[in-house]
Amino acid sequence: MDSESDKSLAARVCLPFLRNAQNSDGGWGFHPGAESRAESTCWALLALMESAQESAEDRAVFERGLAPLRSSQLADGSWPASAGETAGCWVTSLCCWMLAANGDDSVAVQRGLQWICDDWPSDSSPWRRFLARFSSQRNVAPVNYAYRGWSWTPGTSSWVEPTSFALLALEATTSGRLAADVKRRRELGAALLYDRMCPGGGWNAGNPMVYGVPGEPLVGPTIWALLALRGEPTRRENVSSIEWLEGAAVGIRSPGSLALAKICFAAYERSWPGGAPSLSDLLERNGFLENVGVAACISLASNTDFLARALGSKKVAA
Amino acid sequence: MATTMRDQKLIPSFQRPLSKVVIRRVGSYEQDLLSVMVESLAPFELRVKGKSVLLKPNLVSLDPKGLINTHPVVIAAARECFLRMGAAQVLVGDGPALDRDTEAIVESIRLREYLGALGGTFVDLNIDDVQRVALPTHASRLKELYLPKSCMGVDFLVSMPKLKTHHWVGVTLSMKNMFGIVPGGCYGWPKNILHWAGIDRAILDLNAAARPDFAIVDGIVGMEGNGPIQGRSKASGVLVFGNDPVAVDATCCRVMGLRPEGVTYLARAGTMLGHLQADKIQQVGEKIEDVRQPFEVLPEFQRLIAS
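Top line first, the protein sequences correspond to chains A and B. According to the working numbering, the first sequence is numbered sequentially starting from 1. According to the working numbering, the second sequence is numbered sequentially starting from 1001.
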């Protein structure tokens, strides 16, 4: 993939789009004019973080974006998915990751990280595991419930993507205050991801096998799991999964997934697979659907130096 | 004053008038589906002139072979039909359950080729603006959900599933299809909160809240066995239309050679949301026995097979 072309695409289309899509409250919705949400605000802020260091205009945009994010944090340290919701969810991981990438080690971030550490999935509680022994459904979708990750919403099951986001957030923190909690949860979360890998590599939402039929991997969950597990790039499961992604990249049909794939290949120091489409080709073919998350991912994919910092200490190749 | 079905009070099934279901034999997606739609919708005398319509197909996953999702040619024909009936706006929207990349899914079924540019026509319900909805029924423990404004505010909501078996609840038809309106942006991929609430019960609460006005089932090619994703294709050769999703789903079960009374959520829906019993459903078009194509089901659902 031509990185200059991607940078040009980000500078010409995506960053101006993101600046213009900012709501009057400072946040971003998923589309221009949509209500501000924590998730879309995080994506936009991640995309604008680098340029905010160089441009006063973008610095102002960025600072205005931080304000609603800070004010929407709930008393327990979590963030809700939408305004009005009184319970936090997986978005907390994204908020903490974004804020940590911005060098924020404030009490607010620490409270968010503590919430993540305290948020256990309900499917793998000791009581549930005991009951599962007697369930007639126990062999339908066999997974190891000794491993525990994170759920999308509190009180539900572990899934691949929220577990990956939580691992990214916990890795981004440099604070020693959470160290004991963090270490154990990261180990359990990583073990869960490996347990949920599809046979042959790659991940879907979190069902590697149902009724004896192997699950098909999906691009998005595979990318997020690989990014969360990138500390062991030569581990067998990571290698087979990045190889699966290389094969799948040729058939990617959306610029959002393509941009994320580029980020993942950079994190694993892999070259762009031959035959894979370009971001500009896909944008031209599909039409730009004015999606804030997609625009942000394209911008991030064009800036691997920044990504190296956003992803923490692990190296991200250009 | 109530303006949409979603604002109106629920009426117990025994107080409801007869429901109407049309079955049409359609051999392939190459047929003139627009004509089929026009003829099939005529008996319902739908009042959609000047109204907003949302078509909610079943878009689950990447589907280059066209086995999993509602076929785009059916969606396009329905959209054109409602526009010709005078609808002011006909949007197509869904929130796929397992994959955040909705754009990739709609591209995999080539929806853009049939609808034209998707901007302004297609709504990703997973990331739509949401509103808090207090659930009018309490079949599950859920008390409220945040649901897409594009869905809850529309004048006329059409559920457009594919005719499929389902490995957790037996069948997935127009009622189960409503899971797709629950926004992943709030509840994740999958929308696991619904599973924890009990899938059968959550289907009831969700349909009581969303109240789809109409259903069009793509049964030209369905799925049997380990549906809704990993099953086998089943050429069933029908489109099924109706103004009562319960009646439509019950009819579809009968077409599939299954007993709707054995499907837990349908049995309960038959008391509160619509008609399950055949004698409460005015059948138009093909007779069920003439189009019946027995679907294979997983061993757990052998009890559904009609004797």
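Any given hint could be a false lead.
[Stated by the list, open to error] Here are some chain B residues pointing at chain A (derived, C-beta under 7 Å):
| # | residue |
| --- | --- |
| 1 | Phe1014 |
| 2 | Tyr1029 |
| 3 | Val1038 |
| 4 | Asp1099 |
| 5 | Arg1110 |
| 6 | Tyr1114 |
| 7 | Gly1116 |
| 8 | Thr1121 |
| 9 | Ile1127 |
| 10 | Asp1129 |
| 11 | Tyr1146 |
| 12 | Pro1190 |
| 13 | Asn1192 |
| 14 | Gly1198 |
| 15 | Ile1199 |
| 16 | Asn1226 |
Don't read these hints as lab results, they were simulated from the structure. All values reported here derive from a predicted model rather than from experimental measurement. Quick reminder that beta carbons are idealized off the backbone N, C-alpha and C, glycines included.
Status of the hints after comparison with the structure:
| no. | hint | in the structure |
| --- | --- | --- |
| 1 | Phe1014 | violated (35 Å) |
| 2 | Tyr1029 | violated (21 Å) |
| 3 | Val1038 | violated (29 Å) |
| 4 | Asp1099 | holds (5 Å) |
| 5 | Arg1110 | violated (10 Å) |
| 6 | Tyr1114 | violated (14 Å) |
| 7 | Gly1116 | violated (10 Å) |
| 8 | Thr1121 | violated (11 Å) |
| 9 | Ile1127 | holds (4 Å) |
| 10 | Asp1129 | holds (5 Å) |
| 11 | Tyr1146 | holds (6 Å) |
| 12 | Pro1190 | holds (6 Å) |
| 13 | Asn1192 | holds (4 Å) |
| 14 | Gly1198 | violated (13 Å) |
| 15 | Ile1199 | violated (12 Å) |
| 16 | Asn1226 | holds (5 Å) |
Of the numbered hints listed earlier, those contradicted by the structure are 1, 2, 3, 5, 6, 7, 8, 14, 15.
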